[in-house]
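Undergrad: Go by the hints and put chain B onto chain A.
Number of protein chains: 2
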Amino acid sequence: MRNIKIIGCGAALPENTVKFGDNIRYRMTNGQTLLDLIERAVAQALSDAGVTINDIDLILGGTATPLQGIPCNAALVHERIAKGSSIPAFDINSSCTSFITAFDMASYLIDAGRYKKILIFSGDTASAALNPNQKESFELFSDAAAAFVVTRGNGDSGVIGAKQCTYSEGVHDTEIRGGCGLLPSFALTDKNREDYYFDMKGVRVLKLTAKKVPGFLDDFLRETGITLNDVDMFIPHQASKALSLIMKKLGIPEDKYIDHVRDWGNMISAAVPMALYTAINENRIKRGDKVVMFGTAAGLTINILLMQY
Amino acid sequence: MRNIKIIGCGAALPENTVKFGDNIRYRMTNGQTLLDLIERAVAQALSDAGVTINDIDLILGGTATPLQGIPCNAALVHERIAKGSSIPAFDINSSCTSFITAFDMASYLIDAGRYKKILIFSGDTASAALNPNQKESFELFSDAAAAFVVTRGNGDSGVIGAKQCTYSEGVHDTEIRGGCGLLPSFALTDKNREDYYFDMKGVRVLKLTAKKVPGFLDDFLRETGITLNDVDMFIPHQASKALSLIMKKLGIPEDKYIDHVRDWGNMISAAVPMALYTAINENRIKRGDKVVMFGTAAGLTINILLMQY
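Chains as they are written, first to last, in this note's numbering: chain A, 1 to 309; chain B, 1 to 309.
Incorrect hints may have been included.
[Said to hold, decoys possible] No more than 20 Å apart at the CA atoms, straight line, and that leaves these computed lysine to any residue pairs for SDA-like: (1) LYS248/A x VAL203/A; (2) LYS211/B x SER85/A; (3) LYS116/B x GLU223/A; (4) LYS201/B x LYS5/A; (5) LYS211/A x ALA210/B; (6) LYS212/A x LYS83/B; (7) LYS163/A x LYS211/A; (8) LYS212/B x LYS116/A; (9) LYS5/A x ALA112/A; (10) LYS163/A x SER85/B; (11) LYS212/B x LEU250/A; (12) LYS116/A x LYS83/B; (13) LYS5/A x TYR309/A; (14) LYS116/A x LYS212/A; (15) LYS191/B x LYS83/A; (16) LYS83/A x ALA210/B; (17) LYS248/B x ALA210/B; (18) LYS286/A x GLY153/A; (19) LYS116/B x LYS163/B; (20) LYS212/B x SER86/A; (21) LYS163/A x LYS116/B; (22) LYS163/B x ASN54/A; (23) LYS212/B x ASP57/A; (24) LYS212/A x GLU169/A.
[As the list claims (entries may be wrong)] Just a few of them, taken from the derived set where beta-carbon distance is under 7 Å, the chain A residues facing chain B: (25) LYS83; (26) ALA112; (27) GLY113.
No wet-lab data here; the hints were simulated from the structure. Think of the CB as a built atom: it goes at the ideal place given N, C-alpha and C, for glycine as much as any other residue.
Next comes chain A alone, as it looks inside the complex (with noise of 0.2 Å):
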């Protein structure tokens, strides 16, 4: 097992909402920026784990989508909550499953003592990029920010097991093809807009997603030497309302995992460390469980780590 023991988390949603039908969506509004939400979020988790920024030694990006083109995210991040300090900043990025990447890499920076304590970030700017003529994704996603510290515990907690596999058929279903090195922001028409959007093909995702999971699941099940049952709580990417329907299929039963895709959406490199934000704050998982973080990501990449909390 290696060592890492998250010890505070924090979150943020902007305060604007959208309805469309039952589902509540979060976007930003008047100004306020991805910044502002990391700010609030790594505030709650160095307050709710009893430290100050002094005691932070790695700033970690754990995002989907770039603030600017230069320079990472972890750095614009680094002048709104450690200016002055000397303390190191870098981004990681699996797309929605960065969260659970970033967490991976820090257990062995942890567990080797390169850092004592890690602040890994998570969130992105959904409504930047949202397609109104795209209903589907549209109606999907929001705007989040999550934020974890993680440090050396007595043994008691860690890393038991992580797979990461990456399915490059399906690398074209989720995109924002504009904006970058590829198709930068002067070559945007009247013809080309589409390209610049946040673009989702449901039904591929779902398809390759149904095609491949199970496989990667057996196979870490069986590399890791646990069964589902094993697992007492599953924190699921909350990629879409299907989520359940996949979850019944893998015959995870509906009390051991986090679904609140209804109520807050899809919130790419935030739905993952949101979903675990909520585990432990609402007292669904306790220290020596158990807990499965897991997700499939635009790549397509499948993501998970076993970690006991």
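TA: Below, chain B without anything else, positioned relative to chain A:
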């Protein structure tokens, strides 16, 4: 020493060059993209290592700029080099020094046995965002890609020490503000066009670098228990023509570092691995040598890594 051994490397430059006085710069034309360059660099690295893509168990991007808003660069590269496989793929971003951070993280993963062979790639599309009105940066940057294959050695190669610091008082000195979450492409107007170009305040960067680097380097040498004389070769980020001045100030003699700024320009995240590639291919380093990768990045981040090659 964290076990990691370089067993193959590759690099690729665009065919097209431009000249500013004595300085040669490489810029992609005719629809060539960074993915083409990365594909070439990867093919060379795999061949050099005597392996195929099927021997690789992680594709790790160490890049400063996104190719698309979603997904991460490594997923897009995966489609070019590993389509049909399930090799995991994700990005690490510490701006210009992303290769150093990626190599550092890879050393933890290799050392702990998580992955056996990791492919690290770097590269950016400088030419997509250069501002013709900002002569200093317009005449400095080149497009390029580099790739390395790393694996576990017999204990004779590895990372001896590494250190990163971020000083966000310099975060706005090197930026591409537009195109992403904070300032989307849709907000581009004739008036704010400059916000979508690469913007470098060279004098400010140099001043902050000069202020922070000496102390940072002293701390690293002390923490690692070595002196500058113990280092056989320095692989610095090719930030600008000021490189030779900075190295002189640090007391590093000319024959102990790679400087190809005049001929190749600043290749952003590809600059450090291209310099390392040069050192290896020109036999300026041999197995067992103590090699330091070192650089400043937008952030402002300072990054250093000492390895036994």
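Undergrad: Run every hint past the structure and note whether it holds.
TA: Here is what the structure says about each hint:
no., hint, verdict
1, LYS248/A x VAL203/A, "18 Å, holds"
2, LYS211/B x SER85/A, "14 Å, holds"
3, LYS116/B x GLU223/A, "16 Å, holds"
4, LYS201/B x LYS5/A, "41 Å, violated"
5, LYS211/A x ALA210/B, "54 Å, violated"
6, LYS212/A x LYS83/B, "14 Å, holds"
7, LYS163/A x LYS211/A, "17 Å, holds"
8, LYS212/B x LYS116/A, "23 Å, violated"
9, LYS5/A x ALA112/A, "14 Å, holds"
10, LYS163/A x SER85/B, "15 Å, holds"
11, LYS212/B x LEU250/A, "53 Å, violated"
12, LYS116/A x LYS83/B, "38 Å, violated"
13, LYS5/A x TYR309/A, "7 Å, holds"
14, LYS116/A x LYS212/A, "36 Å, violated"
15, LYS191/B x LYS83/A, "30 Å, violated"
16, LYS83/A x ALA210/B, "19 Å, holds"
17, LYS248/B x ALA210/B, "12 Å, holds"
18, LYS286/A x GLY153/A, "15 Å, holds"
19, LYS116/B x LYS163/B, "24 Å, violated"
20, LYS212/B x SER86/A, "10 Å, holds"
21, LYS163/A x LYS116/B, "14 Å, holds"
22, LYS163/B x ASN54/A, "17 Å, holds"
23, LYS212/B x ASP57/A, "18 Å, holds"
24, LYS212/A x GLU169/A, "11 Å, holds"
25, LYS83, "5 Å, holds"
26, ALA112, "6 Å, holds"
27, GLY113, "11 Å, violated"
Of the numbered hints listed earlier, those contradicted by the structure are 4, 5, 8, 11, 12, 14, 15, 19 and 27.
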